[in-house]
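Visitor: Residue-level listing of the chains:
Number of protein chains: 4
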Amino acid sequence: MKVIVDICVVPMTGRVSVRQEVALAHRILEETGLPVLLHGYGTNIEGDYDTIFAALKKVHLTLHERGVARISTTIRLGSRIDKEQGIQDKLKAVREANSGDEEAR
Amino acid sequence: MKVIVDICVVPMTGRVSVRQEVALAHRILEETGLPVLLHGYGTNIEGDYDTIFAALKKVHLTLHERGVARISTTIRLGSRIDKEQGIQDKLKAVREANSGDEEAR
Amino acid sequence: MKVIVDICVVPMTGRVSVRQEVALAHRILEETGLPVLLHGYGTNIEGDYDTIFAALKKVHLTLHERGVARISTTIRLGSRIDKEQGIQDKLKAVREANSGDEEAR
Amino acid sequence: MKVIVDICVVPMTGRVSVRQEVALAHRILEETGLPVLLHGYGTNIEGDYDTIFAALKKVHLTLHERGVARISTTIRLGSRIDKEQGIQDKLKAVREANSGDEEAR
Chain W
1 MKVIVDICVV PMTGRVSVRQ EVALAHRILE ETGLPVLLHG YGTNIEGDYD TIFAALKKVH
61 LTLHERGVAR ISTTIRLGSR IDKEQGIQDK LKAVREANSG DEEAR
Chain Z
1 MKVIVDICVV PMTGRVSVRQ EVALAHRILE ETGLPVLLHG YGTNIEGDYD TIFAALKKVH
61 LTLHERGVAR ISTTIRLGSR IDKEQGIQDK LKAVREANSG DEEAR
Chain E
1 MKVIVDICVV PMTGRVSVRQ EVALAHRILE ETGLPVLLHG YGTNIEGDYD TIFAALKKVH
61 LTLHERGVAR ISTTIRLGSR IDKEQGIQDK LKAVREANSG DEEAR
Chain P
1 MKVIVDICVV PMTGRVSVRQ EVALAHRILE ETGLPVLLHG YGTNIEGDYD TIFAALKKVH
61 LTLHERGVAR ISTTIRLGSR IDKEQGIQDK LKAVREANSG DEEAR
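Protein chains in written order, with the numbering used here: chain W, 1 to 105; chain Z, 1 to 105; chain E, 1 to 105; chain P, 1 to 105.
Calculated from the structure, these hints are not laboratory results. Glycine included, C-beta positions come from ideal geometry on N, C-alpha and C. One should not assume that every hint holds.
What the hints assert, rightly or not - Not the full set, but computed from the structure, chain E residues with beta-carbon under 10 Å of chain P:
1. Q20
2. G67
3. T74
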């Protein structure tokens with residue numbers, strides 16, 4: 001099953017800065033070879049459901065191995081059967097709708 | 001890996017009422033045999049990561065088979081290595097903290 | 001605007017246990033006098049949009065005053081114009097749909 | 001209170017394509033004049049809490065006025081008192097952490 005997923009990993013490390021852990025989480029998602037897009041509050045990734053959720057499991061296991069006691073992750077998961085649509089298609093759809101709308105005003 | 005997960009499935013069916021689809025999603029999660037708790041904006045479930053995400057995949061596949069064109073699901077995923085804690089433990093912890101606080105006021 | 005909201009506050013305190021902070025967040029939501037429902041991964045609350053988001057702001061400000069350096073909160077926000085529906089209505093709708101389904105099987 | 005927020009609006013319109021509604025939601029957030037970043041599963045926005053949640057209320061009211069019967073929005077909300085950090089700072093922090101890590105390998 002092809003899906004688009006948005007993942008935000010919040011490691012509870014006992015330190016305020018969690019950039020190393022967040023960066024590591026992003027890197028493990030990248031290592032799937034699937035298209036990813038980093039944004040200011042998470043990472044978009046698109047592709048096979050099983051591949052993505054295996055990578056997310058690896059994120060949790062790896063962070064715990066490095067001593068992170070607790071992790072609270074939030075995920076948005078989208079699937080559809082009417083057409084194929086990736087991250088770039090979604091960006092394009094919103095941008096085009098807004099540019100069309102501006103012309104119409 | 002033992003996790004606590006909170007799942008909210010939003011089927012985009014073309015109808016405003018999605019209670020049948022939401023109820024079916026909840027039932028598929030229940031059929032894992034894992035502890036579940038229905039609330040007003042989703043379902044808590046605790047247990048093995050692979051079991052839960054296999055069930056969630058089944059939710060998406062089943063709803064699509066029944067004609068739901070798009071699904072947008074949101075998930076909170078918690079794991080920890082410092083101690084075992086289930087849904088009921090979390091409820092109890094918050095209630096006890098608040099009752100203690102009330103006594104202290 | 002009447003809404004149903006599900007709120008999960010994750011305080012990054014430097015300690016693994018955050019039960020005091022989570023309990024305090026829940027209590028501030030309760031103090032609105034609006035219907036609330038505690039579950040294993042957050043709190044449901046229903047009522048006026050402005051009241052709820054003022055209370056959530058108070059949660060963040062209060063936790064920061066108590067020394068919590070960072071907070072990462074996740075929120076589900078539902079509004080509808082076709083009918084009134086509260087937390088208990090949503091629970092009932094899912095339960096009835098499933099009990100009907102069980103009879104039908 | 002300065003916050004970073006990630007917003008994903010899911011309009012339940014009765015149609016499968018919701019690009020017009022999603023684009024309108026993004027545009028209302030942009031009209032705050034605050035920094036925004038569109039990604040494949042939502043919009044990042046940073047700035048004053050009250051301004052952002054007033055804009056989000058306007059999103060719901062505007063979509064309902066245009067006939068959207070139900071809306072289910074998910075939000076991540078981050079605040080911190082240890083330092084100022086915007087969307088671009090967060091992106092930079094993750095990218096630098098990963099580039100440092102690559103050099104170290």
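Visitor: Does each hint hold? Answer for all of them.
Guide: Evaluation of the provided hints:
no.	hint	in the structure
1	Q20	violated, 18 Å
2	G67	holds, 9 Å
3	T74	holds, 5 Å
When held up to the earlier numbered hints, the structure conflicts with hint 1 and nothing else.
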